[in-house]
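> Sequence:
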Amino acid sequence: MENSYNHIYTHVLPALESKKSEFKVYQYETVTEADIWKYCVEKKWRKLDVLSLSLHKIVNDVLSITPAEYMTYEQIENSRTSNWFSEINQEELQTLLNPQTEEK
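Residue numbers (my numbering): 21 to 124.
What the hints contain is simulated information worked out from the structure, not anything from laboratory work.
Among these hints, one or two may not hold up.
[Claimed, not checked] With a Cα cut of at most 25 Å, we get these calculated SDA-like pairs of lysine to any residue:
#  : residue 1 : residue 2
1  : Lys77     : Thr115
2  : Lys58     : Leu33
3  : Lys44     : Leu71
4  : Lys40     : Ala88
5  : Lys63     : Ala35
6  : Lys77     : Asn26
7  : Lys44     : Asn118
8  : Lys44     : Lys67
9  : Lys77     : Glu89
10 : Lys77     : Gln110
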């Protein structure tokens, strides 16, 4: 979370806590207030100047998040950051990407 948004975060914390409680009802136990805030900053407001948004707009955006849209965002972010070949060494990766056919 950016330091410039800390004061906004503290004002919006009750709405974030409410949204976190709602997510728990839907069995999303691991979602935190910071996760919801990160989603808003990186997804909902990515093209907006958060510092210029009114407090009621920020609260409304937080409270309007659905578990489905949040989880879709999380799945996409996890697939972007995961290294699919982390368990393969460089030689195995080279063999996989550039297989040599055996001549008889």
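> Against the 25 Å threshold, does the CA-CA distance of Lys77 and Glu89 hold or violate the hint?
holds, 18 Å
> Are Lys77 and Asn26 close enough, with their CA atoms no more than 25 Å apart?
With Cα atoms ~17 Å apart, Lys77 and Asn26 stay inside 25 Å; holds.
> Is the hinted pair Lys58 and Leu33 satisfied, with a Cα-Cα distance of at most 25 Å?
Since the Cα atoms of Lys58 and Leu33 sit roughly 13 Å apart, the hinted pair holds (cutoff 25 Å).
> Could you grab the alpha-carbon distance between Lys77 and Gln110 and see if it respects the 25 Å cut-off?
Roughly 49 Å between the alpha carbons, so the hint for Lys77 and Gln110 is violated.
> Verify the proposed pairing of Lys63 with Ala35, using a straight-line Cα cut of 25 Å.
holds, 18 Å
> Would you check the hint for Lys44 and Leu71, treating anything up to 25 Å between C-alpha atoms as holding?
With a Cα-Cα distance of about 29 Å, the restraint between Lys44 and Leu71 is violated, given a limit of 25 Å.
> Holds or violated: are the alpha carbons of Lys77 and Thr115 at most 25 Å from each other?
With Cα atoms ~53 Å apart, Lys77 and Thr115 exceed 25 Å; violated.
> Going straight from one Cα to the other, do Lys44 and Lys67 come out at no more than 25 Å?
At roughly 29 Å apart (the allowed maximum being 25 Å), Lys67 and Lys44 break the hint.
> Within 25 Å, alpha carbon to alpha carbon, are Lys40 and Ala88?
At roughly 14 Å apart (the allowed maximum being 25 Å), Ala88 and Lys40 satisfy the hint.
> Checking one constraint from the list: CA of Lys44 to CA of Asn118, max 25 Å. Satisfied?
violated, 47 Å
Figure legend: structure checked against the earlier numbered hints; hints not met, in rising order: 1, 3, 7, 8, 10.
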